[in-house]
Each structure stands twice: as C-alpha cells, then as structure tokens.
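Engineer: Hey, can you work out the whole structure from these sequences and the hints?
These are the residues of each chain, in order.
Number of protein chains: 2
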Amino acid sequence: MYKGLIERLALKNGSRILLAVLDGLGDIPIGELGGRTPLEAASTPNLDRLATGGALGMHVPIARGVTPGSGPAHLGLFGYDPVEYEVGRGVLSALGIGFPLRHGDLAARINFCTVDGAGVVTDRRAGRISTEKCRELVSLLGGIGIQGVEVHVMPVKEHRACVVFRNGDLSDDINDTDPGLVGERPVPVNGSGRSSEIVREFQEKSAGILAGHHPANFLLMRGFALHREFPTMEERFRLNAAAVALYPMYRGVASLVGMNVMACEPETLEGQVHAVELALRKGHDLVFLHHKPADSSGEDGNPAAKVSAIEDFDRVLPRFLELKPDVVAVTGDHSTPCPMKLHSWHPVPVLIHGGPQRTGYSSCFSEKQALSGSLGTFLSTDLMPLMMAAGGKLSKFGA
Amino acid sequence: MYKGLIERLALKNGSRILLAVLDGLGDIPIGELGGRTPLEAASTPNLDRLATGGALGMHVPIARGVTPGSGPAHLGLFGYDPVEYEVGRGVLSALGIGFPLRHGDLAARINFCTVDGAGVVTDRRAGRISTEKCRELVSLLGGIGIQGVEVHVMPVKEHRACVVFRNGDLSDDINDTDPGLVGERPVPVNGSGRSSEIVREFQEKSAGILAGHHPANFLLMRGFALHREFPTMEERFRLNAAAVALYPMYRGVASLVGMNVMACEPETLEGQVHAVELALRKGHDLVFLHHKPADSSGEDGNPAAKVSAIEDFDRVLPRFLELKPDVVAVTGDHSTPCPMKLHSWHPVPVLIHGGPQRTGYSSCFSEKQALSGSLGTFLSTDLMPLMMAAGGKLSKFGA
Numbered sequence: 001m002y003k004g005l006i007e008r009l010a011l012k013n014g015s016r017i018l019l020a021v022l023d024g025l026g027d028i029p030i031g032e033l034g035g036r037t038p039l040e041a042a043s044t045p046n047l048d049r050l051a052t053g054g055a056l057g058m059h060v061p062i063a064r065g066v067t068p069g070s071g072p073a074h075l076g077l078f079g080y081d082p083v084e085y086e087v088g089r090g091v092l093s094a095l096g097i098g099f100p101l102r103h104g105d106l107a108a109r110i111n112f113c114t115v116d117g118a119g120v121v122t123d124r125r126a127g128r129i130s131t132e133k134c135r136e137l138v139s140l141l142g143g144i145g146i147q148g149v150e151v152h153v154m155p156v157k158e159h160r161a162c163v164v165f166r167n168g169d170l171s172d173d174i175n176d177t178d179p180g181l182v183g184e185r186p187v188p189v190n191g192s193g194r195s196s197e198i199v200r201e202f203q204e205k206s207a208g209i210l211a212g213h214h215p216a217n218f219l220l221m222r223g224f225a226l227h228r229e230f231p232t233m234e235e236r237f238r239l240n241a242a243a244v245a246l247y248p249m250y251r252g253v254a255s256l257v258g259m260n261v262m263a264c265e266p267e268t269l270e271g272q273v274h275a276v277e278l279a280l281r282k283g284h285d286l287v288f289l290h291h292k293p294a295d296s297s298g299e300d301g302n303p304a305a306k307v308s309a310i311e312d313f314d315r316v317l318p319r320f321l322e323l324k325p326d327v328v329a330v331t332g333d334h335s336t337p338c339p340m341k342l343h344s345w346h347p348v349p350v351l352i353h354g355g356p357q358r359t360g361y362s363s364c365f366s367e368k369q370a371l372s373g374s375l376g377t378f379l380s381t382d383l384m385p386l387m388m389a390a391g392g393k394l395s396k397f398g399a
Numbered sequence: 001m002y003k004g005l006i007e008r009l010a011l012k013n014g015s016r017i018l019l020a021v022l023d024g025l026g027d028i029p030i031g032e033l034g035g036r037t038p039l040e041a042a043s044t045p046n047l048d049r050l051a052t053g054g055a056l057g058m059h060v061p062i063a064r065g066v067t068p069g070s071g072p073a074h075l076g077l078f079g080y081d082p083v084e085y086e087v088g089r090g091v092l093s094a095l096g097i098g099f100p101l102r103h104g105d106l107a108a109r110i111n112f113c114t115v116d117g118a119g120v121v122t123d124r125r126a127g128r129i130s131t132e133k134c135r136e137l138v139s140l141l142g143g144i145g146i147q148g149v150e151v152h153v154m155p156v157k158e159h160r161a162c163v164v165f166r167n168g169d170l171s172d173d174i175n176d177t178d179p180g181l182v183g184e185r186p187v188p189v190n191g192s193g194r195s196s197e198i199v200r201e202f203q204e205k206s207a208g209i210l211a212g213h214h215p216a217n218f219l220l221m222r223g224f225a226l227h228r229e230f231p232t233m234e235e236r237f238r239l240n241a242a243a244v245a246l247y248p249m250y251r252g253v254a255s256l257v258g259m260n261v262m263a264c265e266p267e268t269l270e271g272q273v274h275a276v277e278l279a280l281r282k283g284h285d286l287v288f289l290h291h292k293p294a295d296s297s298g299e300d301g302n303p304a305a306k307v308s309a310i311e312d313f314d315r316v317l318p319r320f321l322e323l324k325p326d327v328v329a330v331t332g333d334h335s336t337p338c339p340m341k342l343h344s345w346h347p348v349p350v351l352i353h354g355g356p357q358r359t360g361y362s363s364c365f366s367e368k369q370a371l372s373g374s375l376g377t378f379l380s381t382d383l384m385p386l387m388m389a390a391g392g393k394l395s396k397f398g399a
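So the sequences go chain by chain: A and B.
Position 185 (the first sequence) corresponds to 185 in this note's numbering; numbering is contiguous.
Position 381 (the second sequence) corresponds to 381 in this note's numbering; numbering is contiguous.
Everything labelled a hint here was simulated from the structure, so no lab data went into it.
If a hint is listed, it holds; no wrong ones were tucked in.
Pairs count within a copy or across copies, as identical chains cannot be separated in the list.
Below are the BS3-like pairs computed for lysine-lysine, each with C-alpha atoms no more than 25 angstroms apart in a straight line:
id : residue 1 : residue 2
1  : 292       : 368
2  : 341       : 12
3  : 292       : 324
4  : 396       : 292
5  : 396       : 157
Structural biologist: Structure (structure tokens):
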C-alpha cells in the first residue's frame, strides 16, 4: 500500500458499508468434518447467496506466515498498517475496558497470581478468582500513591486487571514481570529510568497490600505500552465509522481509530442488529460488526461449535441486509483453526457484495472458493480500499 | 519491485518485444452478453491461439481498489512506478498534444467556459465550441505577454486547451480556478508567490481578451503541474523503445519515458501495422502499440462495440505476428467496465507469448482464464520485467 494514497483519493458520498468480522473465521480442513473447514461444513444459504452475487478473495492479515493478535488483525481490516500502527498489549487491555487513555499514558496488563513462601509463582492465575474478587482487590490497590504520577488500576475479568500510569515523561521500555510459567519467581523490573522506578514502586506497594489475600497474594505485569493517538478513519478515509461489538477488546480497537462505539441492548446478536440499524440511521457510512463465537470455538478446538457459530451468524444475516447497506464485506480478522486451538497465519476468506464486482467465480462462501475468487489474495490493509471502491468512495488516481 | 534491481539486471540483446495495449480492456460480467465480459464474448481466435501457446495473468494497475487515469496506468506498464513517477494533469495534457515540454515548465489544462454578467459560470464547456473556434481563441490568447515568463497556449479539442508557462523558478502549488460545477464563480488564484502572480495575470488578461466571445467568454484552469524529466527506458532498461499510438495522450506518455513516437499513416489500425513494422526494422527492441476503441466503447457503456473493438484487434493481430516479434504481450492499461462507463480498479488480463512460458493453463484470452493463468496476479510494474525475462533481457541476480 502506498503511504497516503488512499487518503488522497478518499471521497465522501452517501454509500454505506457494513464490515462484518466473524472472529477467527478461517480454518483448515478437519477430519471430523469430512475434510472440510467449519465454514465449508456450515449451512450458510445467506452467505452463499452473497458470494454468488459478489466476489470472494483471501486476505493475509499481516504478512505470509505471521500470526496476528486480535488487535493488529483488526487494525489491518480497518486499513491501518498493523506494523506501523503497532499497539502494545497494555494499551489494548485498557482500551478494551473502556478506559479513556490519553496520549503518553503507560499501560500494562495485570494478572493476580499466587506465590509461595519463597516468592515462587505457584499459580499464574490465582486459581482464576472471581471477577467480584478482582474488583475488590483492585479497589485496595487504588490507594497506591506514587510521587508525580497518577496510578489507575482497573479490573478486567477473573484474575485479569490492568494498570495505567499517567503524567510525566514515561517510557514503555519496561520488561514483563510475569515469568510466563509457574515454578519461577516474578521477574524484577530492570532498568534505572524514571518509568522503571515507578513500576518498581508500584510492584512493591501492591505486594504489601496483596500479601494477606491468598490465593491472589501477588501480581504480575506484562505488555507495557505507551498510548499514542492514531489518526481517525474520518481523518484518513473520510469515513464516519461506528463499531457494533460486544467484547471490550474490539470496542477498544475500534475506538482507537475513532469509531463511534455503539451500545448493544441486549448484548446479543439481536442487540447488534438494532445497533447496526441505529448506526446507519445516524448517518455512519461504515459500520464494523464483530461476531466473536467463531473464534472462541476455534480456540476451544470445537469444530461443531464453530460450525454453529457461523450458522448463527448466517441466520441473522438477512436482518442486516434488510438495512440495505450498499456494500457488505464478510471476513475474519485471522484464522483460528480448531486443530490448533490458536490463532494462525493462514489467509482468511473474504466476501464483498455490492458495487461493480467480477461475479460468477463463486457459488458459496468457503476457503476453497475464496482462493479462486475474483478478488484474489491481498493484504488485509487492502480490504478497506476495495470496500471503498465498491462504494464509490475513491476517486481516480491521475488523468 | 525492488528499486533499481531491474535496471542492474537489464541486458541488451537482439530480441524484440511487442507490447499491445487494448485500452480499458478489462471488464466485468455483463447480462446482455450472457454474463460474460466483452473479452469473453468476443470471437478472438488469434488471441486464443496466443493464450494457448503462452501464459496468462492479471495485473493490478496501481494498488487494490485504486482506479487509474490513463497516464499512470501506462507508466505502470512501462515499468515506471506510477505513484513515484506521478505526472500532473497539466503535463499530461501538454504532452498529449505533442508540446515539447522542458524540465521546470508549468502546465495546466484550460476549459473555455461561459460566465454570466455577474461572473458566475453557467457552462463549464462553453457549449462545447468547435475545435476550430478553440484554435481561433487560442491564437488571440497567444499575444498575452507576462514579464519574465514565456506563455504558450495550445488548442486541444473543442472547449479544451492548455497553457504552459516557461522560465523562472516556477512552482505548481497553484489551486484550480475551475469551481468544478456551474452556478459558482471561478476560484481566484490564491497564494502570493511569483507563480501565483503569473497565473493571476494570465487569468486577468485572458478575461479581457475573451470578454466579447460569448459563449467562450472566460477560461478555467486546473491541474497545474511542473514537468520533470524522467529517466528513459533506454537508461533504465536498456530498451530502445518506440510507440505506435494514434491518440495524443498516449504519444505524450510514451515520449515522457523516451520512446520514439512513430508517425502512423493512415491513422488507422492498418497504419499502425506499418508503423510497428518500420519501428522493428529500425532496430527498436520494444514497440508499444496502443489500441483505443475498447476503452471508448467501455466509457460509452456499449458492450457490443467493445466486443467489436476487441475483434477488430484480433483480426489484425496476425499482421503483427508476421513481423515475428520474439515476445508479444497483450493487455489493457486498466479496466473500463461497460456497466460503469468509467475506468475502474478491477485487475486487467495479461497475455505473454514467446520465450519459455508455463503453458497449458489457458485455452483462450479471458478475465476468467487470466485469473487462474500461470503468471498469477501481479502489479502492473512487474509486466516489464516479465516481458524482458521472456526476451532474455534480464541477467541472473547473484551467482
């Protein structure tokens, strides 16, 4: 992608794009599905109809062979080069719970953990304490004061929390204190800079507070990252974008690029239909819709559940189509093959419907047909220009 | 493409390449052609024979989703990165009429227009005055003198003309005076630099001259661009290239990269056969042949005419093949889908015949077969190295 080219060509018009991301959609052939992928095994009459009248392709999330985390994978789909616009885990975590990060904030993930008398980690998740317990511990930590810096500690879920340090000239060149496995001591904070001192002081004070709260009698930190503001999708692509996502992480990434994060009531696919409808009615010209279950079932190694997750989406798809978006794209942020129970580097099937397309290359939405689809195989960052082109939102380059 | 790599590897040898560009060749499936594209619907026995004995692929003119103008699209085919070697509209216009631009010349497009008594534009094309009338007005403007700068005004066609300012340290940071729609006043030339002053003075003096020439009683300018010299194809690729094109625009782009622009007598496909023959006899080792009608019929939204334009080319193709070029490539500069009546971003089918090719992947020249052809899908700038390789004109990289 030429830097700045799409920005130069971006046009504002009345067309409306719906980008539906089935998280972790891509997969590999699975024996118990008769050598088919979950997408191939699923009964998806509505997606197949879109595939027939549209165009398929494959996107490569980051680079060949590179497995993305959810944050960078989504940034790619939003047209942001995921390496140039790298986001640290700490920042993603804070964004994911809706914490209003500011430019220069230093964020890190926290795991409450169990240490034994010798200070050795015996459980990195403190027996997966309840979210309730997590909130209680976090409120105790809220009292930690460190000279010249604001400290914000927020609960996430179960044993997970996050911390944000604000004010001052902070650096994110700070090592993880999480040793990554049990039987080891937490890693001391190295380095002599002011930021290291602050984190060390936080580590010590928190240890004192937590000491009597077995099993959550210590905390581990990882993914230190400074928050920097990104140019918004409006600034870059003249797109007034909205996000309809139920999980904090995806809401966080969406807000990072200036999307309007919609409330979903109830927090179900049904609630998402209403939220997409409202977003379109409010004049948003790009709506990002996030559907999580495909990824979760992939990570659980459960092909049948992944098939169901895809079928659930397909059943609701007509509700979205009734809203008459001009362009509909359906894809995943990355592949989560059930046999791997992990994200993977495999290219991800994409479907674009609407606008002038080379149709007639596909009759259903599947990995196989996506590979020979008329869109070809492209980098995830090319999806945004392809959707914009389909919606008439890119002017011609040169005369 | 690695910058400078092809230049390092380029070899001079006796092989001869014919690059035939069917302007706007690519299309999308069209109902009235039974869901086929014009290329698929056309009867092209000669192209199909080349496809069978050669290799097909698809090229992406600029980037995914990006629709090119003709200038940048051709530069890509000539192996010039169209974004790095961006050419402004004014320069393309001047080149298109054969004006001998020099490095540093400032060029702009002119539209004669109609303004009412209040100075509001009522017709941006002055009722499409005749080319004859355009010439007459241009000769009146020829007398405009501006201190320290040469002013050249040239007719183009109907209401279109162009202007070149020469001498002095000119800048092209000058706004369009064309408001782009009727009912508005011409946009004043902003900026305080010397170039803005020159253009302002030209605007004022031309207004005085044109005042009594209703409907062409004013002029609008747009696409201000400085001409810079490009390295020639000989310098970059050791190719002594010639161009056989009937339309000024393509002759202009060809001259920009140092091609020898051949005369065509008569100005028909028949005349082009003679010109290609002469070019090859003169020792040119790359001949660019431009066939315009496919694009024009696409812009007219006329699939039947586009089919005919392709068939016309196919009928004459054996005449070119009799000249025994070692490598023949046939492609378009971009797609011009009839349903859109516009250039588009869709990848363009390519055929390369001659040299060692992976044959056996195709039996006819079509978008469908090009997508699964043995050349794959590549950026337009990769066509030049692929043709050179087929002609034995690229040495090995490394030992």
